[in-house]
Every structure is written in structure tokens, then in C-alpha cells.
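Sequences and hints are given; from them, build the entire structure.
So the chains spell out like this:
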Amino acid sequence: MSKTEILFTDAIKDAVYQSIKKDKKFFLMGEGVSDPSSMWGTIKGVSKKFGKSKTVEMPVAENGLIGVAIGSALNGSKVLINLQRVEFALYAFEQIINNAAKASYISRGKHNVPIVIRLVIGRGWGQGPEHGQSLENIFSAIPGLKVVIPAFPEDAKEMLISSIFDPNPVIFLEHRWLHYSKGKVENKFKIKKLSSFKKITNGSDLTLVANSINLLEAFRIAKLLRKYRIRLDLLNFCMPNPFDNNLLLKSVRKTRRIVSIDLSHKTLGLSSEIISTISDNKIKLKTFPIRLGLPFHPVPSSRGLVKNFYPSGKNILIAIRDALNISDKLFRKILNEYNKSTKKIPIDVPDPYFKGPF
Amino acid sequence: MNNLELISLYKSLYLIRHVEEMISKNYSKGQMRCPVHLSIGQEACATGLISNLKLTDKVFSNHRCHAHYLAKGGSLKKMLCEIYGKKNGCVGGVGGSMHLQDLDKGLVASIPIVSSSIGMATGNALYQKRRKSNEVTVIYLGDAALEEGIFFECANFAALHSLPIIFACENNMFSVYTNLKDRQLDSNFKKYADAYNISYKRLDGSKIDEVYKKTKSIINFVRKNKVPYFIQMDTYRFKEHCGPAVDDHLEYRDQKEVNYWKKKCPIEYAKKLMKRKKINEKKVETIQKNIEKFVIKEFKFAEKDKLPSYKDAERFVYV
Ligand SMILES: Cc1ncc(C[n+]2csc(CCOP(=O)(O)OP(=O)(O)O)c2C)c(N)n1
Ligand SMILES: [Mg+2]
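As you go down the protein sequences, you meet chains A and B in turn.
First residue of the first sequence: 11, per our numbering; consecutive thereafter.
First residue of the second sequence: 5, per our numbering; consecutive thereafter.
Honestly, the hints are just simulated from the structure, not real lab data.
We treat Cβ as the ideally placed atom computed from N, Cα and C, and that holds for glycine.
Hints may contain errors.
[What the hints assert, rightly or not] Calculated lysine-lysine pairs in the DSS-like style (CA-CA distance at most 30 Å, straight line):
#	chain 1	residue 1	chain 2	residue 2
1	B	K185	A	K34
2	B	K58	B	K310
3	A	K203	A	K233
4	A	K354	B	K91
5	B	K304	A	K64
6	B	K33	A	K350
7	A	K353	B	K310
8	B	K301	A	K317
9	A	K32	A	K233
10	A	K317	B	K304
11	A	K324	B	K29
12	B	K220	B	K136
13	A	K317	B	K33
14	A	K354	B	K136
15	B	K58	A	K354
[What the hints assert, rightly or not] Partial chain A-side listing against chain B, Cβ under 10 Å, derived:
#	residue
16	E41
17	V43
18	P46
19	I152
20	P153
21	S289
22	P308
23	R313
Here's what the structure looks like:
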């Protein structure tokens, strides 16, 4: 295994280029598939290098064209669809939910739809109610779809390749703030079997579940707490659908404490599935499970209105304090160190910490 | 068109241009913290048509809504406060630059999902028709909006039910960086109107006199006969798709084409018209100065206005 430290965006690019090499029938669709912004640089040069043999420009017609992608995929073409925001795919909800997700089922396995729909999600710079959602819980509620959410650059490559070569339709949700992060990434092309959870740090005190941008914050906190001999079992909840709970149950049986962070709204979010699963499996916890997530209202644009909207590092620390019954004295010390280590930055731009390297 | 009309059109054009230039100039100070889609170059499409509307007529817009909002008489103060994310914004800071509305002036909604407001606008026209009102609805769309299914669904419905709606299409030949050529068969949108037997007119969207005169009779026609109309206005966006700057160094547009349209600048064109009509240049300068003073005042207000409180963020999710 040889790894190189690269940007998240380059990890995606690697995955795309290597997939083109591996599979003759693989191609890309997207609005502005050959434009200079090239999805934050993630598909840079593909159109120039391969032209129309590998790229298909998509008129602004998501519903029809995701249907077209599904139709091509029925013949065995792997298709990667690139959309700059999750909201644009909503026009194609019908195609995604009725056709992509159910083709295999209604054909008794004769059809399969190997498409990946890359959708950029999340917060920042006043994107507002219709450009800043994540909706991972919505896509995760549909049997037949896969939902993959990378966090580290390493995930970006590994998970995108694995998604492209998965015979099922995959919704690939990329947080815009992750694009700027760096990390060590495997050079080679590798298909992996993805699971719902991936272990990030090992510990027996508490299970912390997070994904996407929240995972980076959780990682920072897990590292900080280690200094205070508090050891977190940190899980990357990177594939909520299909939901396989092995690693989660194993972890919670060990720690018997859990804090789970949602990318979207806390109410009716994915953490409620996580906590219900623990309950279904009759695992007795030492303290009440805690979940964090967005309040139940749309994403406002103004930085004044998003104050307290996103779960912060401090919120996570408070949740962990409550779950572990950390003394006030110790907690103040921890919080102090956390505050010192983080820079005061505006709420609508990424924390420099998120750049890594990871 | 008499001189008074021309002057009043110029005021609207200049207001839009100046506001957009000021946004562009001040954006890098980092206080307008949301995406902005400037209308510079496309002013006459907004002013020329909307100036013929009544206050009670309704306009729906998209992500590039600043010009439509201002032309319809939307409050500049509330628009800037919205873009600055401030308390007195037209939607209290929840929307930002792409969600402008001013219900007192009949700018009902701007929606940043391409074509999304077409349904609402068509519904508004259905309401007008059922109430036997004398109002008309105008839906502004970009060239890319003609690629979404919802446009065809609504055009069919508007034709079928003979609704008083004007599809006002601003053809700037681009969707972000992508040329119309790579997205549609050709740049004549008559085919879309013909499909549903909808009347169609193609106008030079940089010429205020042409847009104003032709849309005046179209609006009268729609008001009187309660029928849909499709107007194609060819125009050009001078700045980048989203943001305060120019992005022609990226070379996605032919430089000759850029220069051709810049020469056709709607503000300069209007100035020439005024000159031809012997409208005193001093008078024009005074008009501009007054607008500039007004604009500065509203910018200052927006800069100083308070941020909304996060406690208000959860209001109005439900009625
Ligand atoms: C459904 C949907 N797809 C894609 C986008 C991304 N997008 C925003 S503006 C835009 C270009 C629209 O072009 P056009 O309608 O011609 O308007 P213009 O920007 O040229 O004024 C695109 C593709 C979107 N907002 N909504
Ligand atoms: Mg356009």
C-alpha cells in the first residue's frame, strides 16, 4: 500500500480517472461537465482528455436526464452524475425513488442500475434554504438506494470507486467544506465492500457517531479527550443506507454510552435509527443516549440566524460531558483547551482545522 | 415613447446598474455573505417590460432577481439588508440574494432552483383568471429554464386554460459556463411557444425602446384576451454567473461575442436615445447623482443594520 497526501478534490479526481481506465462503459454526466469550475476541480480535465466518449453534457433537466442515466445503466453502463447541489436532484426524485431504487426489485434482479449521483451538500456563505440542505435522512429512507457519505480524502477515493463499481444506484453526498481538506490517500485503484460504519478511533468510554463534516469535528474532540484519558469509540457513519449495524452494536456493547450527531435535522434524523437499533437489540446503556443535529427549521441564509444552528465542538463536548458525567472542574479544563486550540472564525466559512491533513 | 417616459425608464435602468455595480465593488469587503447573481447587462429586459405593468400585476423571478425586483419597485433598503443578511431584509435574512420578494409591489417570489417558480406563476395566473381579475402574471426565466420539464408542463396548462401569463425569457445564451449550443438545438425559442400555440415575440433585450414599446402592446393583448405569451429577449450577462467579478479570462465565452454585447450596453444605448431626443445632458447627470446618493444611503443603512437574532430562525416554519 502506498499513499500520497492529496486534497479531497484530487482524491475524487483520482477515483474518476482510475474508473475510466478500469471500465470501458463508464462515463460522466453533469451540468457543465466540461466547464472550467469542473465541480470544485474534481472532474478537471476529463472532458478535455476524453471528450464526448466519456462525458455527456446535461441540459438543465435533472428529472429527464437522471432517467436517461438509469436507462443507459440498465444496459450495463456505469454512469457518474455530477450535480453542484443536492437540491437540483429533487426534480428527479421520481426517477431516483421509483426507477433507480426499484429496478432490481421489480425485475426480480434482472435489471440493475449502476449509477452514482454525486451531490454537494451543506453549509456555508449564506447558501440559504434551497442551497444548503443535506437531506441524507430522506435518501436513506428508500430501500434499494445506497447512500454514501465520505469524510476524509481517503474515503472520498475509496468510497467513490466502490460506489461506481457497485451494481446498485448510489447517492454520494459530499459536503462542500470537505473539498478543501487534505489527507493520505491510497494511490491504487481498490474496490472495497462498504459498510455503514467505519471505526476511526478506538476507545471504551463512549461511542461517538458522526459523518461528513461533523466527523472531522468529532475526530478533533476524540483526539483532545485522549489527553484526559477519555477514550472514544468514534464511528464514521458513512453509509446510512443500507443500514448494517454490526460495528455499531459491537461498539455500544462495549461502551454502553452513545452520542450521535446528525448532519440534517435532529428530529426524524438518522440518529433516531441508531438509537432505536440499540434499543431493538436490548442493549442496556449506562446513561441515556444523546443525539445532536439541526433544529427543525430550514437553513437560513444570514449568519445571524445560523448562530447555534449547527452542532459545534462545544455542543459535542457538552453531550459527552453529560453522557460520561465529567466533573465541572475537568470539563472547564477541557473546554478551555478546546477553545484555545480553535480559532475564532466566522460561522459561515470553514474552520482551518478542516483542511487537515488527516 | 415621449421624453418623460424615456427619462423614467432611464432612472430604473440606472438604478439597477448602479446598485449592481456597488454590490460588485463592495462584495470583497466580506459583508454581503451570500451568493449573488448580478443583472448587469440585462437591465433593459427587466425595466422595459416591467415598466408597463400595473402595481397589481405580479412578477415571479429566479436566482438572478435583483433587476426584476428593483424594476417592479421593490424596496432597495430591504433588498440590500437581505443581501447583507440583516434584520430589515425583505425576508428577514432567511433568504439572501436569491429569494427577493416585495409583496407590496407585486414581486411575489424569487426561487433559486431553475424553473421552480414557473409553477407558482402559472398558478397565480390561474387564480387571476378564475377571479376574473384584470391582472397579468409575468414569469422571468433564463434560457436554461426552458430545459426543465416544468416549463413544458406549465406552458401546456397555460395554453389549455388560456391564462394571462407572460413567459419572459432572458436569453443570455449561457447556463453558468455552458453555451446554449451545447444544451438546445438552436437559439430560436419560437419552437417551444409553437408547440402549444402560444404567441411569441423575439426582442433585442439590450434596447430599452424596443422592449418597452413591444411589451406594452403584448401586455395589453394578454390583459385583454387572457392568453399566454412567450417573449424571448436576447441579452448578455456582463459579469460572472455568480459573484462580483468578471470571469472572461476563463475563456468559456468568445471574446468577440463579449465585446459585441458590451458595445450594446443597455445603459449606453438609453443614453444615446436621450441624446437623440435632445434631453439635456446636465439633467441626466443630476438624475444619476440623485440615484447614487440614494443608493449610498441605503447601502449605509444595510451595513449598519443589525443581524437578525438566531431566536427568530425557527419562526414561520408553520403558519
Ligand atoms: C434545478 C437546478 N439545476 C441547476 C441549478 C444550478 N444553476 C443555477 S443558475 C443556473 C443557470 C441557469 O441559467 P439560465 O436559466 O439561463 O439563467 P442565467 O443564470 O443565465 O440568468 C444553474 C444551472 C439550479 N439552481 N437549479
Ligand atoms: Mg442564461
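Which of the listed hints are broken here?
-> Hints 2, 5, 9, 11, 14, 15, 19, 20 and 21 not satisfied by this model.
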